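Visitor: Given next are the chains, with one letter for each unit.
Protein chains: 2
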Amino acid sequence: MRRACITGGAGFIGSNLADRLLADGSEVVVVDDFRTGRRAFLGDAAEHPHFRLVEGDVLSPGILEDAFAGCDWVFHLQANADVRHGLERPRLDLEQNTIATSKVLEAMRQTGVSNIVFSSTGSVYGEPELFPTPEDAPFPLQTSLYGASKLAGEGLIAAYATGFAITGVICRFVSILGERYTHGHVIDFYRSLKDDPREITVLGDGKQEKSYLYVQDCIEAILTAVARHEGQGGAHVYNLGTDETVIVDESLALITGRLGCTPAVRHTGGVRGWTGDSPLIRLDTSKIRSLGWAPKLTIGLAIEKTVDWLEANEHVWRPQVQP
Amino acid sequence: MRRACITGGAGFIGSNLADRLLADGSEVVVVDDFRTGRRAFLGDAAEHPHFRLVEGDVLSPGILEDAFAGCDWVFHLQANADVRHGLERPRLDLEQNTIATSKVLEAMRQTGVSNIVFSSTGSVYGEPELFPTPEDAPFPLQTSLYGASKLAGEGLIAAYATGFAITGVICRFVSILGERYTHGHVIDFYRSLKDDPREITVLGDGKQEKSYLYVQDCIEAILTAVARHEGQGGAHVYNLGTDETVIVDESLALITGRLGCTPAVRHTGGVRGWTGDSPLIRLDTSKIRSLGWAPKLTIGLAIEKTVDWLEANEHVWRPQVQP
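These protein sequences, in sequence, are chains A and B. Reminder that position 198 of the first sequence reads as 305 in the numbering used here, one-by-one numbering, no gaps. Reminder that position 295 of the second sequence reads as 402 in the numbering used here, one-by-one numbering, no gaps.
Keep in mind the hints are simulated off the structure, nothing from the lab. Since the structure is predicted, the reported quantities are computational estimates derived from the model, not experimental observations. Keep in mind that a hint or two might mislead.
Repeated chains share a single entry, so a pair holds when one copy, or any two copies, can fit it.
To be verified - Only pairs whose alpha carbons sit at most 20 Å apart, straight line, appear in this in silico SDA-like list of lysine to any residue:
(1) Lys301 with Glu418
(2) Lys394 with Pro245
(3) Lys394 with Phe246
(4) Lys394 with Glu337
(5) Lys412 with Gly291
(6) Lys301 with Gly377
Pulled out of the complex, with its shape left as it was, chain A reads as follows:
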C-alpha cells in the first residue's frame, strides 16, 4: 500500500493501525475531529515524515476529498461506537455511521480511490440462531440502532462495489481490546473498581457470553484481508474475532484478579445488559483463518494487557477536571 487514509485515525483501532502502516512503509493520512479520538494516540505517528493529519468532521464538506487525494486505500474506522446508548440519541448512529459512510464512498468516487476497509460489527447478526455465527448466517433482524447503522454502511459499500467497481473489505468485529482501548465493558468495570473496589454493579445477569479480540490481532487480520482482495473488486465480508468466548462475570474476575481486589458483585438481572444487548456473541472465524491468519492472544491475555495499559495511562480513564 502506497498511501492510506484512516478515518477515525486518532481513535483506538485507527491510531494503532496508523502506527502499523507507517512502520510498514506506507504514507498515512489521518482524518479525525478529536470528538472521541485523542491527540496523544497520534504522538508517535505525528513525528513521522510520511504522516499527515486532516483535522475535521467527516461530514464537513471537502474534508474527505482533501484527505483521500492520492490514496489507494481508505480505512473507514470513524464511527459512533456507542452501542449501548443508541436509543437515547437515535439520530447519532444514522449520521455518524450510515450517512458518514455514504460521504466516504462519494468522496472515494470524487478522488478515484477504489479500495475500502469498513469497520462493521458482529452486532449486525442481532440475536442469531446459529453459533458460531458465519458470515452467511440466516438473514438477521437488527436489534440495535448501532447494528442497523453498520448494516446500512455494509449495504452501501457492497452496492458501490457492484456499481462503481470499488473493492470493499467489510470486517465484522467482536469487541476489540488492547493498548489505547477507551470504550466498553472492560473500561466500565475498571473505572468502577478504581472508584470503589469494594463493590460493583453488572448489567444483566452476568452470564452474557461475549467475544473479544486483541487490537494487534485485529489489525493483522484486516491487513491479511486487504492483501488478499486489493484491486479485486467486489465486497468481501469477514468476521474478526477469536474462537473463544468469555462470560461477563469471568471477564470481571480477570480484571479484579489483575487489580488484586475482591468486590461484592451486584447483578441488575435479565439475560441482556440493556435493550439490544446480545446475550451471546460467538462468531465463526474460519473464513479469515482460511487466509492464514490466527490470533496470537487469548481473550484472557487481551483483558490483562488492557488492564495493564489502563493502569499505566490514567489520563485515558480518569475524568479530566476542567480548569
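Since the structure of chain A is already known, use the hints to place chain B on it.
Guide: This is chain B only, laid out in the frame that chain A set:
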C-alpha cells in the same frame, strides 16, 4: 384499524391502499409531495369524509408529526422507487429511502404511533444463491443502492421494534402491477411500443426472470400481515409475490399480444439489464401464504390488466406538453 397514515399515499400502491382502507371504514391520512404521486389517483378518496391530505415532503420538519397524530398505523410507502438509475444520483436513495424512514420512525415516537408497515423489496436479496428465496436466506450482499437503502430502512425498523416496542411489518415486494401503475418494465415497454410499434430494445438478453404481483393481491397480503401482528411487537418480514416468474421476453410478448403489434426485438445483451439488475427474482412466499393469503391473479393476467389500464389512461404515460 381506526386511523391510518399512508406516506406516498398518492402513488401507485398508496392510492389503491387509501381507497381500500376507506372502503373498510378506516380514517385515512395521506402524506405526499406529488413529486411522483398524482392528484388524479386520489380523486375518489379526496371526496370521502374520512380522508385528509397532508401535502409535503416527508423530510420537511413537522409534516409527519402533523400527519401521524391520532393514527394507529403508518404505512410507509413513500420512496424513491427508481432501482435502475440509482448510480446516477447515489444521494437520492439514501435521502428518500433510508433517512426518510428514520424520520418516519422518529415522528412515530413523537406522536405515539406504534405500528408500521414498510414497503421493502426483493432487491435486498441482491443475487441470492437460494431459489425460491425465503425471508431467512443466507445473509446477502447488496447489489443496488436501492436495495441497500431499503435494507437500511428494514434495519432501522427492526431496531426500533426492539428498542421502542413498536410493531413492524416489513414487506419485501416483487414488482407490483395493476391500476395506477406508473413505473417499471411494463410501462417502459408500453411507452416504447406506443412510440414505435415496429421495433423495441430490451435491456440485457431478455432472459432475466422476474416476478410480479397484482396490486390488489399485494394490498390483501399487507392487510393479512397487519391483522396478524397488530400490537404484537417485534419486526415481521414477509416476501410478497406470486410463486410464478416470467422472463422479460415473455412479458414483452404478453404486452405486444395485448396491443396487437409484432415489433422486431433487439437485445442489448448480457444477463443483467443494467448494473445491479437481478437476473433472477423468485421469492419463497410460503410465509405469507401460511397466514391464509393467496394471490388471485396470475402474472399474465396482471400484465394484461395493467396494459388495459394504460390504454384507458393515456395521461399517465404520455409526456405532458408544457403550455
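Visitor: Taking the hints in turn, state whether each one holds.
Guide: Now the hints, each set against the structure:
1. Lys301 with Glu418: within (10 Å within a copy, 77 Å between copies)
2. Lys394 with Pro245: Result: close both inside a copy and across copies, 17 Å intra and 15 Å inter.
3. Lys394 with Phe246: both (18 Å within a copy, 15 Å between copies)
4. Lys394 with Glu337: within (17 Å within a copy, 41 Å between copies)
5. Lys412 with Gly291: Result: close within a single copy only, 15 Å intra versus 58 Å inter.
6. Lys301 with Gly377: Neither: 26 Å inside a copy, 65 Å across copies.
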